[in-house]
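Top to bottom, those sequences are chains A and B.
For the first sequence, position 389 (counting from the first letter as 1) is numbered 481 according to the numbering used here, and the numbering increases by one without interruption.
For the second sequence, position 569 (counting from the first letter as 1) is numbered 661 according to the numbering used here, and the numbering increases by one without interruption.
Among the hints, erroneous ones may be present.
[Said to hold, decoys possible] Selected chain B positions facing chain A (Cβ under 8 Å, derived; list incomplete):
| hint | residue |
| --- | --- |
| 1 | P228 |
| 2 | K231 |
| 3 | Y235 |
| 4 | H349 |
| 5 | N414 |
| 6 | Q420 |
| 7 | D475 |
| 8 | R514 |
| 9 | N515 |
| 10 | R546 |
| 11 | G547 |
| 12 | W554 |
| 13 | G607 |
| 14 | E746 |
It should be emphasised that the hints constitute simulated quantities derived from the structure, not laboratory data.
Just so we're clear, the structure is a prediction, and the values are computed from it rather than from any experiment.
Ideal Cβ positions, reconstructed from N, Cα and C, are used throughout, including at glycine.
2 protein chains.
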Amino acid sequence: MNTIKTLLILVALSFLNAQAQELQSPNGKFVMYFALLNDGTPTYQLNYLNKEIIKKSKLGLELQNDSQSLLNDFTVVKTTPATFNETWKTVWGEETEIQNHYNELAVLLKQNKTEREIIIRFRLFDEGLGFRYEFPQQKNLVYFTIKEERTEFAMTGDHTAFWIPGDYDTQEYDYTESKLSEIRGLFQTALTTNASQEQFSETGVQTSLMMKAADGLYLNIHEAALIDYSCMHLNLDDKNLVFQSHLTPDAQGNKGHLQAPCVSPWRTIMASYDARDILASRMTLNLNEPCKIEDTSWIKPVKYVGVWWEMITGKSSWSYTNDFPSIQLGITDYSKAKPNGTHGATTKHVKELIDFAALHGFDGVLVEGWNQGWEDWFGQSKDYVFDFVSPYPDFDVEGIHEYAKSKGVKMIMHHETSGSARNYERHLDKAFQFMNTHGYEAVKTGYVGDMLPRGEHHYSQWILNHYQYVIEKAVDYKIMVNAHEAVRPTGICRTYPNMIGNESARGTEFQAFGGSKPNHTTILPFTRLIGGPMDYTPGVFEMDISKVNPNNDSHVNTTLTNQLGLYVVMYSPLQMAADLPENYNRFLDAFQFIKDVPVAWSTSKYLEAEPGYYITIARKDKNSNNWFVGNNNGVNPRTATISLDFLDKDKKYEATIYADAKNADYKTNPQAYTITKQKVTHKSKLKMTSAAGGGYAISIVEIK
Amino acid sequence: MNTIKTLLILVALSFLNAQAQELQSPNGKFVMYFALLNDGTPTYQLNYLNKEIIKKSKLGLELQNDSQSLLNDFTVVKTTPATFNETWKTVWGEETEIQNHYNELAVLLKQNKTEREIIIRFRLFDEGLGFRYEFPQQKNLVYFTIKEERTEFAMTGDHTAFWIPGDYDTQEYDYTESKLSEIRGLFQTALTTNASQEQFSETGVQTSLMMKAADGLYLNIHEAALIDYSCMHLNLDDKNLVFQSHLTPDAQGNKGHLQAPCVSPWRTIMASYDARDILASRMTLNLNEPCKIEDTSWIKPVKYVGVWWEMITGKSSWSYTNDFPSIQLGITDYSKAKPNGTHGATTKHVKELIDFAALHGFDGVLVEGWNQGWEDWFGQSKDYVFDFVSPYPDFDVEGIHEYAKSKGVKMIMHHETSGSARNYERHLDKAFQFMNTHGYEAVKTGYVGDMLPRGEHHYSQWILNHYQYVIEKAVDYKIMVNAHEAVRPTGICRTYPNMIGNESARGTEFQAFGGSKPNHTTILPFTRLIGGPMDYTPGVFEMDISKVNPNNDSHVNTTLTNQLGLYVVMYSPLQMAADLPENYNRFLDAFQFIKDVPVAWSTSKYLEAEPGYYITIARKDKNSNNWFVGNNNGVNPRTATISLDFLDKDKKYEATIYADAKNADYKTNPQAYTITKQKVTHKSKLKMTSAAGGGYAISIVEIK
């Protein structure tokens, strides 16, 4: 061997190792440094505007049955810089076009003893950093099991965080605002019961995690493109204020089974001194692969009503009969059963909803409780719980299809799986064929309760693989999917835009289960919505649930116009008007906003934002020059002036303003609102007041 | 309430409880006693010919999260006797007609405190006892989780047992013959390595367990109709010589999730002083439900050859290439890969097998290693391991189909799942459609290695449910299933006769993996075959495996005519001629028996039987008056005279006798055989000698 050559290589390598690799964002505001510690442990550090915002943090993975793991003993083989800038068209979204602009650094590392290679790929956008682990094809690293991912996010101070408890099975918690150092003390208080839940640490929290530093910096940590990997939580070392990645385990406690070549999801860190930048960022979508569906013409935003809120409030039931101690599908004979008189999904009632939808211009009607099995669907670890093709005797599938068709309304299917994933997969083809046959173009799936196979979690790799399977299978049948209780989204809707919605957070239903915090929706856009749209099901006009069901004393912790504001604040291509027709009929003037507000947008402007306190957003209709503004407010009443300078300079508009009345209050007077109209231009400024737990909505219609 | 009436009921109940309930077999030889202990624990006791053969044994189930369980505090509500006698026609089997004759006692029990009811149903046949637990529909027992089934089988002495280690994942062990009290001491010696295995106790053994008492009584314990329940093992309390049921756990350690109304499998005890009665019993089939397939015309016994033994011996490979460190289906490009030169399933070679099959009158040709993925199919906990529809570049599916069709031969598909059950289910419809398209009527499935979902076992309820799903799905496509590494059969082939075979024991392949004990096949008919036919793949003529593959020094521990005897001794509607064509071509005179022996029978006679030592069976061809006799012998050379009195009195026959030569020995001289012909009638007696590890085969052809 040529010793001089070897020497040169060694010098070059040691030089590479000694010196940190630097990566700048296109606008130069972010600078990321990659370096190896003396023992060959990879680290990164992130600066924003010349200030450290992520302290030097370790990277790596601990492997099962592997003493070396992928933690240290690395040498930098090569670093490859790159830059990327392209603009892509959305199928649906907050904008019609999205710019994907970043500088990249791919660090190829070799582990000295094992001769294994990994790449850590960093992408620095103007809004923040994304990085992931890549495992190229090689001899010494083929199949491997993750014991734990050891990615660190070292905080620079005791930031304020908007957090929910880290949990393997649910995200349906109210947010707690506290210092990082206070999480442990508040953890038990932050817990509320759920149909399936398992926490792992009293300093464990979920992503997307929104934080605010003492100097006013907003920080957001999440992940992007979570495919064939376990969902990441963050476990805080609250002595050192360092977050450590904590993956969801499988039934055997392992965190992931990988086969090279493969990649991890992206770990994302967004930062800005302006909270609106976090809302406006498209980094999460940009870190996902481009759309894989060739023909997307069948994917359309949907505004819908449904047979749903009446069950959530307890007014009516999903189940058809009270005759049976339990149900065995295919054996239990419903035809002879006595109807319980509370069943919501009757043909007659569904047709009423279709009439209501047609009258007010809604696209669709969701019906839950239409299929056999609801008498004992929950909490029994029941494998064969639903077959997704057998309607109750009082639900005339084809008659309803024909009726809806005649009224220009689409039916939306509901597939509750009760967590029985294998059973759903077994019936999936027939269920989707059944939907095709009966004119259903969208499905709301549900995963309430503990998962089957038993021991798996809602966010473990095996189950995530199931959700992905359903999305991809739905493409074959041109079906749009809105998955509830599935894993929080991570921008996968860019790649599979037929995933038009997800729940994956505490939705409106909790307003009928005791209520959510009044500022809940001023946090969700900074957390849950970072990964994709939420089927939040807004539009509840009757806040006193006892008026819907005398046995339910829950209270909806918002004002009525806060509910209207949600249609703009909480972006989704899927928007429900959740309340009962009779409640809308009492407030038809306010209901007009829900009728008018689009579900497809061409652009969005983030007028005001402070997590936990207020959000004001303006969006432009995709199909007209009209704009719509929405505001949600926290517990402190607030007055602020917004400028309409986003309007076209050469156009005139009429604004209809749906606002809290002076005496409005989410608790004591939620239905006090005013509706006013005024002419506006791009020069207009509006002084708007939102009540405690209030908000407003404005439609701004071009005068032609 | 009428107190006198109450009193009368109480008296009647206490009478019922105090007095044991008695049940007799139709022939009166068996008497079973049911009784409650003072604490309300149900028990049974079994006598044969006025002698106790099962001592008083407890019955019941321990439930998870249920302090009471279903163990005691029972009262007898009602006992319902019944008798049943019918004869049913088999689709295939050892006989064309089977008599199902039993007396029944259904004991309805009520648990005093919980008011839960269970039925213990006993069926007493002339060959033994079957009983099961039934859980009727009721309010207080709907969904429940089994912590352990607590069924006892109390032995009357320290019997000799033919046992294999109890294991959640494999049955592929050699049998050990020992006293019950010796099991613990021999347990570690009895263990051999397997691709997936987990034992639970050093006195844990599998069913069907064959035993022999000191007084010459043969006893057999097994189960029947194992559907939607966990597979039962037997754990011996070797102090008291009481076997206790031990079910296979799921990933969380539970033993079964049940929903009433439902039933357990039948627990079976057969007994006789003549071992042949155990072989002749149809009790296990009779305890299963009648055939659920309406049109069974497509289900046919099959004699086949295959591209298989060459891979088992290591002569050729399942895999196509050595180019890739690992395979990702759909991504790995096989078209550019360099063939490894050892791939067995090439179009050219398969056509040679088709020619051989056609020349010698075989029905089918099995091909393993035809589909992409074999380069890294095993031991990687790989989810997407095969897709079952993508052939290797050198396997021309349709060309082979056409060629086979032109030769009157059917192809047999192979679906190795590598234990990845979800992946198989996801591809099942397309895989079966692919089979239909390409003329495959039978599939050999495989479950080598640890199961996925991870943490589940080969014999846990969840996975058993998968095997059953495959069988039932195959009915939709008119496909016959031969499942390897699946759970041991329990007579389900009566209900689903498209399940034409199973492995579920140590098959011939182990003769190429180091060899099996010479007496192995004198035990299997008493154990593994009690539940249904085995795809044992007999017919190996070259015992020195190094002659097939110089790198394999394994030895087949039988003589050549022992291999011929297997075709009669080991009943199966699916029989392979496992060896390579070149080895058959060297012994075409002996091969003639394999060509002649039927796979469909009209009746069977059990001439001689001693487990571990010898079995001689005569069977009559279903389609002629010809008879075939097979003998397998253990390690001691043996001479015995058999009577041909089963032949028709008014017919004459020519017998062709394939027997061990005088100097034959399984180890030193396995290929030494004689073929002689002689005229025989029903009066004939034949003095037959079997070598150590030897055996013989006789075809008895009617002279017309």
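Verification of the supplied hints:
no.	hint	verdict
1	P228	violated, 10 Å
2	K231	holds, 5 Å
3	Y235	holds, 4 Å
4	H349	holds, 5 Å
5	N414	violated, 12 Å
6	Q420	holds, 7 Å
7	D475	holds, 7 Å
8	R514	holds, 7 Å
9	N515	violated, 10 Å
10	R546	holds, 5 Å
11	G547	holds, 4 Å
12	W554	holds, 6 Å
13	G607	violated, 32 Å
14	E746	violated, 55 Å
Violated hints, in rising order: 1, 5, 9, 13 and 14; the structure is consistent with all others.
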